[in-house]
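There are 2 protein chains.
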Amino acid sequence: MNKNNFSIGIIGGTGIMGKFFESVFLRYGIKTFVWSRKSEESLESFCTTKNIDIIIVSVSIDVTEKIIAEIGTYISDNQCICDVTSVKIGPMNAMQKIGKPYFGMHPMFAPPLSGKMDGQNVIFCSGKNSQKQEAFIKNIFEKDNSHILESTAQEHDEIMSIVQGLSHFFDITFVQTLRARGLNLEKIFASRSPAYALKLMLSGRTLYQDSELYGNIQIQNSQNIKTLETFFTEAQKLFTTIKNKDLNSFNQIFNAQTKFLGKYAKRSQDESDIIIDYLANRILSKKGVENNNYKFDARDMLLKVS
Amino acid sequence: MNKNNFSIGIIGGTGIMGKFFESVFLRYGIKTFVWSRKSEESLESFCTTKNIDIIIVSVSIDVTEKIIAEIGTYISDNQCICDVTSVKIGPMNAMQKIGKPYFGMHPMFAPPLSGKMDGQNVIFCSGKNSQKQEAFIKNIFEKDNSHILESTAQEHDEIMSIVQGLSHFFDITFVQTLRARGLNLEKIFASRSPAYALKLMLSGRTLYQDSELYGNIQIQNSQNIKTLETFFTEAQKLFTTIKNKDLNSFNQIFNAQTKFLGKYAKRSQDESDIIIDYLANRILSKKGVENNNYKFDARDMLLKVS
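Here the protein sequences line up with chains E and D, keeping their order.
Residues 1 to 306 in the numbering used here are what the first sequence spells out, letter by letter.
Residues 1 to 306 in the numbering used here are what the second sequence spells out, letter by letter.
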C-alpha cells in the first residue's frame with residue numbers, strides 16, 4: 001500500500017454523525033461514498049465495487065457488531081474497517097475477528113453547528129495493519145483542529161462508563177427522584193443558584209436527547225454494570241453517614257475525595273467560577289436591556305432567577 | 001412599632017456570611033452590631049443592652065437551634081429573630097417556640113466577590129408578628145438587586161433536599177466511584193467533551209468546599225433521608241433495565257422524565273448550548289493568543305482539551 005489518498009465509504013452515512021463525517025471528508029477533497037439501509041444498492045456491492053479503502057461504520061450501537069460481521073464477509077485484505085460508536089470493546093473484537101485491517105474511533109461530540117471539528121475530542125483505538133489508514137484519518141481531523149486522544153478499548157470503555165454511563169445515569173435518576181417526590185418543578189427551577197442552575201440544565205439537556213441512543217450507551221458498554229455497582233456501594237457508605245448523623249465519617253469520606261482530586265479540585269472551582277460569572281453577567285446585561293423596555297421572555301426570566 | 005429604620009445585630013458576624021451581611025447593611029447606613037464566640041461581651045449583654053431590633057443568627061447549621069434557644073431567654077417582646085441557615089424546619093420551629101417575632105431566610109449563594117447581592121436568590125419563610133421587620137430586610141435586599149422568593153419551611157427543605165442534598169450527594173459519590181474504580185484521573189479529565197467537562201467541574205467544585213458545611217447540609221435537613229431513599233428506589237429501577245439489557249423499559253423511564261420536564265427539557269438544551277458555546281469560544285480565543293507565543297498554563301490546557 002503506497003497511497004497518499006484513501007477513498008472512504010460511510011455505512012450509515014445518512015445518520016447525523018455519518019452526514020457530518022461525509023461533509024468533513026468532502027471539504028478536504030476526499031473521494032467519499034455513502035450507504036444506508038435505504039440505499040438501493042446492496043451492502044455487498046457497495047463494499048466490493050467502488051475501490052473503497054476505508055469503510056467507516058456509523059450505525060446504531062446495538063447493530064454495529066452485526067454490520068461489522070456482515071461487511072467482513074465481503075471485503076478484501078486491503079480494505080480497512082473502523083467504527084465510530086461510543087463503546088469500543090465489542091466493535092474492536094468484532095473487527096479483529098474478521099482478520100482484515102481495522103481500528104476504532106469515538107468522536108466525543110454531537111455534530112457541531114459550525115460543521116467543523118474545532119476543539120473537539122476524538123479518541124482513537126489502534127487496531128491491526130492499519131497504521132497508514134489511521135494516520136490518514138488523524139491527519140484530516142487534526143487539520144480540522146480536533147484534539148486526538150489515544151486509548152485501549154478496555155480503558156476507553158472504563159472511562160466512558162464514568163463520563164457517559166454514570167453521568168447520564170445521574171441526570172436521569174435526578175429527575176426521576178424529583179418527580180417521585182412530587183415536588184413543584186417551577187419552584188425548583190426558580191430556587192436555583194447559578195451552580196444548581198448548571199446542574200439542572202445538564203440533567204434537562206440529557207433528557208432532551210434520543211432515548212434509544214442513551215439507552216444503548218448504557219446497555220452496550222460492558223463496563224457500566226461494574227461502575228454502577230461500585231457507585232451503589234460507595235453511595236450506601238455516604239448515605240449511612242448521613243442517616244447516622246455521623247459528621248466525622250462524612251468529613252472523612254468527603255476529604256478523601258478532595259485529596260484524590262488533588263489539583264483538579266481547585267481547577268474545578270476556578271473554571272466553574274468563570275462559567276458562573278458568565279451566567280451572572282448575562283443576568284446583569286439582560287437587566288440593562290430591560291430598563292429600555294426590553295420585553296424578556298420566559299427563557300430570560302429563567303436565567304434571571306438562576 | 002412605628003420605626004422606619006431598624007437596628008440589626010448579627011450573631012456569628014465574623015463568619016463569611018455574617019461579614020457579608022454586615023457589609024451590605026452598613027452600605028445602606030443601617031446601625032449594625034456584630035457578636036461572635038470571640039467577643040468579650042456576653043451574648044446576653046449583646047442582646048439586651050444595644051436596642052437591637054432584629055437579631056440575625058448566622059452560625060453553623062448544627063448549633064443554630066441551640067443559639068436561638070439561648071437568645072430566646074434574653075430578648076424582649078419587640079425584638080425579632082431570624083436565621084440564615086440552609087435548612088428551615090428546625091430553626092423556624094426553634095424560633096416559634098420562643099414566642100417572640102421571628103422569620104427565616106436562606107441566601108442561595110456564597111458571598112459574591114463584588115460584595116453586592118446582584119441577581120442572587122434569597123428565600124424568605126414568613127414567621128410571626130414580623131411583617132415590618134421582614135419588609136425592612138427585603139427592601140434592603142431588593143435595593144441591592146437580589147431576587148426574593150417566598151416559601152414555607154416544609155417546602156423549602158423539600159426543595160433543598162434536591163437542589164442541595166441530592167445534587168451534592170451525586171457530586172461526592174461521582175468522585176468516590178471514580179476513585180474506587182481505580183481509573184486514571186488525568187485521562188478522565190482529558191477525555192471530556194464540553195458537557196462532561198461541566199459535570200466534572202461541578203463535582204470538583206463541590207469537593208473544594210468546606211466538608212463541615214456540606215456535611216451539615218446533608219445531616220441537618222430532615223427531608224434528605226426521604227429524598228435519598230426515593231433516589232435509591234428510582235436508581236434501582238433504572239439499573240435493572242440496564243442489567244437486563246431491556247432497551248424498551250429504559251426508553252419508557254427516560255421518556256417519562258422528558259415528558260415530566262416539559263418545556264424545561266428544551267430550555268435546558270438551549271441554555272446549556274449557550275454555556276457550551278462559551279466554553280468552546282474560550283478554547284478558540286486561547287488558540288488565537290497562543291499563536292502570538294502566549295504561554296498557556298496547565299489550566300488553559302485543561303480548557304483546551306475540554
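To be clear, the hints were calculated from the coordinates, so they are not data collected in a lab.
Incorrect hints may have been included.
For chains that are exact copies, the list does not tell them apart, and a pair is met inside one copy or across any two.
Simulated pairs of lysine-lysine, DSBU-like, Cα-Cα distance not exceeding 30 angstroms [unchecked claim]:
| id | residue 1 | residue 2 |
| --- | --- | --- |
| 1 | 237 | 138 |
| 2 | 226 | 243 |
| 3 | 266 | 50 |
| 4 | 237 | 97 |
| 5 | 226 | 19 |
| 6 | 128 | 187 |
With identical chains, the pair residue 226 and residue 19 could be close in the same copy or across copies; at 30 angstroms between alpha carbons, which is it: within, between, both, or neither?
neither (34 angstroms within a copy, 47 angstroms between copies)
Alpha-carbon proximity context of residue 226 and residue 243, limit 30 angstroms:
both (26 angstroms within a copy, 10 angstroms between copies)
My question is about residue 237 and residue 138: at a cut-off of 30 angstroms on alpha-carbon distance, are they close within one copy, between copies, both, or neither?
Intra 44 angstroms, inter 41 angstroms, cutoff 30 angstroms: neither.
At most 30 angstroms between CA atoms: does that hold for residue 128 and residue 187 within a copy, between copies, both, or neither?
Between copies, since 23 angstroms is at most 30 angstroms while 55 angstroms is not.
Can you tell me if residue 266 and residue 50 fall within 30 angstroms by alpha carbon in one copy, between copies, both or neither?
The answer is neither: 54 angstroms in one copy and 42 angstroms across copies each exceed 30 angstroms.
Using 30 angstroms as the alpha-carbon threshold, which applies to residue 237 and residue 97: within, between, both, or neither?
neither (42 angstroms within a copy, 36 angstroms between copies)
Going down the numbered hints, you'll see the structure goes against 1, 3, 4, 5, while the others check out.
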